[in-house]
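> Work the whole structure out from these sequences, hints included.
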Amino acid sequence: MTAKPQLSFWQIWNMCFGFLGIQFGFALQNANVSRIFQTLGADIEDIPMLWVAAPLTGLIVQPIVGYFSDRTWTRLGRRRPYFLYGALLATLALFFMPNSPALWVAAGLLWVLDASINISMEPFRAFVGDQLSPRQRPAGYAMQSFFIGIGSVVASLLPWLLTKLGVANVASDGGVPDTVKWAFYAGGAILFLAVTWTVLSTREYSPEQLASFDDAGVVDDSHANLDTRRARREGGFALLIGAAGIAAILALELDRQLFVLAGGVAAYGLILLAVSLSRTHNMFSTIAADLHAMPATMRQLAVVQFFSWFALFSMWIYTTPAVTQVHFGAADTSSAAYNAGANWVGVLFAAYNGFAALAAIVIPLLVRALGLRVTHLINVCLGSAGLLSFLFIRDPQWLLLSMVGVGFAWASILSLPYALLSDSLPAQKMGIYMGIFNFFIVIPQLVAASILGFLLKTFAGGQPIYALAIGGVSLLISGLCVLRVRESPLPSASQAA
Numbered sequence: 001m002t003a004k005p006q007l008s009f010w011q012i013w014n015m016c017f018g019f020l021g022i023q024f025g026f027a028l029q030n031a032n033v034s035r036i037f038q039t040l041g042a043d044i045e046d047i048p049m050l051w052v053a054a055p056l057t058g059l060i061v062q063p064i065v066g067y068f069s070d071r072t073w074t075r076l077g078r079r080r081p082y083f084l085y086g087a088l089l090a091t092l093a094l095f096f097m098p099n100s101p102a103l104w105v106a107a108g109l110l111w112v113l114d115a116s117i118n119i120s121m122e123p124f125r126a127f128v129g130d131q132l133s134p135r136q137r138p139a140g141y142a143m144q145s146f147f148i149g150i151g152s153v154v155a156s157l158l159p160w161l162l163t164k165l166g167v168a169n170v171a172s173d174g175g176v177p178d179t180v181k182w183a184f185y186a187g188g189a190i191l192f193l194a195v196t197w198t199v200l201s202t203r204e205y206s207p208e209q210l211a212s213f214d215d216a217g218v219v220d221d222s223h224a225n226l227d228t229r230r231a232r233r234e235g236g237f238a239l240l241i242g243a244a245g246i247a248a249i250l251a252l253e254l255d256r257q258l259f260v261l262a263g264g265v266a267a268y269g270l271i272l273l274a275v276s277l278s279r280t281h282n283m284f285s286t287i288a289a290d291l292h293a294m295p296a297t298m299r300q301l302a303v304v305q306f307f308s309w310f311a312l313f314s315m316w317i318y319t320t321p322a323v324t325q326v327h328f329g330a331a332d333t334s335s336a337a338y339n340a341g342a343n344w345v346g347v348l349f350a351a352y353n354g355f356a357a358l359a360a361i362v363i364p365l366l367v368r369a370l371g372l373r374v375t376h377l378i379n380v381c382l383g384s385a386g387l388l389s390f391l392f393i394r395d396p397q398w399l400l401l402s403m404v405g406v407g408f409a410w411a412s413i414l415s416l417p418y419a420l421l422s423d424s425l426p427a428q429k430m431g432i433y434m435g436i437f438n439f440f441i442v443i444p445q446l447v448a449a450s451i452l453g454f455l456l457k458t459f460a461g462g463q464p465i466y467a468l469a470i471g472g473v474s475l476l477i478s479g480l481c482v483l484r485v486r487e488s489p490l491p492s493a494s495q496a497a
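With this note's numbering, letter number 61 in the sequence shown gets 61, and the count goes up by one each step, no holes.
One or more of the hints may lead you astray.
Label-pair restraints from in silico Cβ distances [unchecked claim]:
id, residue 1, residue 2, range
1, 462, 3, 49 to 59 angstroms
2, 166, 455, 35 to 45 angstroms
3, 101, 462, 43 to 53 angstroms
4, 171, 111, 31 to 41 angstroms
5, 254, 274, 21 to 31 angstroms
6, 241, 75, 43 to 53 angstroms
7, 473, 228, 11 to 21 angstroms
8, 76, 299, 50 to 60 angstroms
9, 164, 274, 51 to 61 angstroms
10, 68, 335, 33 to 43 angstroms
11, 211, 253, 52 to 62 angstroms
12, 75, 335, 37 to 47 angstroms
Hints listed in this document are in silico derivations from the structure and should not be mistaken for laboratory results.
All figures in this text were calculated on a predicted structure; none of them were measured in a lab.
Every residue, glycine too, gets a C-beta built ideally from N, C-alpha and C.
Set out below in C-alpha cells:
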C-alpha cells in the first residue's frame, strides 16, 4: 500500500472548477423557480408540491449514478463522463425552462433540470474522495464550496444586474420577464463551459491505482451481509405505516401534499420487501444492502443532514413569497413591487453565496484549530440566527446581514459533512455511498415539500415568513446533532507524505 500523492493548489482548483458551473445552474433554479411558478399561476400553498420534483429526482438519480460510476472506466475516466453528459442535458433544460408556456411544462422541466444537475453533481463529490488523501479532503470540499459560492453569487444576481442594464423585468404579457430568460441562457452556457474545463484539465486514478492506496479501505461485498430478516421486517413495517398514512389522509381529507410523505414511506417498504425476497445480485439489491451496511459515521451524519437540508429547502421555497409579501408588500406577481422584491431575493441569495465563498477560505483554518464537528456547529448556528432574523427585520436592506450567517452555514453544509464521511468510506464504493448519502439530503426536502404548506396553512395563516423561522430552528438542531458524530483524527504531515 502506498500513500495517495498530495495534489497542488492548481490541481485541486481544476478538479473543482466544474462546480462553478453546476452551482450556477443550481442557483438559478433555487432563486427563480418559485418566481416562474407563481408567474405561471401557482398558488403559494402549491409551490412545495411543484418543487417536489427536485428532491425526488435526486433520490432516484444519485445512487444510480454512484453505482454505475463506481463501475465505469472509459477514455474519459471514471467520473468525468457523468460530469459531461449531465452538463449537456442541464444546459438544454436551462435554455428551455424560462420559455415554458404553462405551469405543467415548467414543472416537468424542473424534473429534467434537477436530474441533469444531479448526474453531474454526485460524481463530483466522489471525485474529491477518489483524488485526494484524507488530509487534503477538507481543502478539496472547501474548494468546491468556494466555487459554489462564486457561481451562485453571479447567478443569483443576474436578473437584478440585467434590470440595471435596462432589460425588461416585467413581461408585458404577464409571462416570465426577459431578465430571467437571459439569466438562464447565460447560466446554461457557463455551466457547460465550466464542467468541460474540469473534464479536459484533470485526470483520474484507475480502479487498480485506487485499490493500491492506503486509504482504499477493506474490500467488502455488503450484499453478502444483507440481513434479509431485518430488511423484510423493516419493509413490512414501513409499508404498513405508509398505507395507514394514505388511508388517514383520504379518510380525514387532509392536505394532499401529505401524500408525498406517506407514499414515500410505503414505496420504501415495498423496495425493502422486494430486495429481501430477491435472490439475484443487481443494482437495486446492492444499493439496499449498502444502505443497511452503511458505516456508523454515515448513520450519525444522516441526522445532521436531515435537519440541515430541511432548513435549506424551507429557505429556497419560501424566501421569494416571504420577502415579496412582508418586506415589499406585494402579492400580485405582475406588479413592479413583486418583481422588485423577487430580484432582491436574487441579491440576497447572491449575498449568502458570496459570504459562503469567503467562509470556504476560513473553514479549513477553523477545522485545524477546532476540528470538523465544532466548526460545523458554529457555522450552522450562525445560519440559524440568520434565518430567524427574518422575523424581526423589516428593512430589506438589512436582510443582507442575515445572509452572513446563512452563507457560513451553507459553506459548512457543503463541505464538512462530506469530509467527515469520506474518511469512513472504502474507495471502491465511494460513488455509491455518496449517492446513498444523498438520501439524507433528499428525504428532508420531501418531508418539507409534504408538510410545510400544511403547517403554514393550518398554524400560521399561510404566512410564508414562518417557514424561514422553522428553518432556523432546524439548523440549530442539526448543529447539536453533529456533536454525536465520531471524527477520525487527521494524519500528521509526516504520515501523509
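> Each hint should be assessed against the structure and marked as holding or not.
Verification of the hints:
| no. | hint | verdict |
| --- | --- | --- |
| 1 | 462 with 3: 49 to 59 angstroms | holds (57 angstroms) |
| 2 | 166 with 455: 35 to 45 angstroms | holds (42 angstroms) |
| 3 | 101 with 462: 43 to 53 angstroms | violated (28 angstroms) |
| 4 | 171 with 111: 31 to 41 angstroms | violated (24 angstroms) |
| 5 | 254 with 274: 21 to 31 angstroms | holds (28 angstroms) |
| 6 | 241 with 75: 43 to 53 angstroms | holds (48 angstroms) |
| 7 | 473 with 228: 11 to 21 angstroms | violated (39 angstroms) |
| 8 | 76 with 299: 50 to 60 angstroms | violated (34 angstroms) |
| 9 | 164 with 274: 51 to 61 angstroms | holds (55 angstroms) |
| 10 | 68 with 335: 33 to 43 angstroms | violated (48 angstroms) |
| 11 | 211 with 253: 52 to 62 angstroms | holds (57 angstroms) |
| 12 | 75 with 335: 37 to 47 angstroms | violated (54 angstroms) |
Hint violations for this structure: numbers 3, 4, 7, 8, 10 and 12, all remaining hints satisfied.
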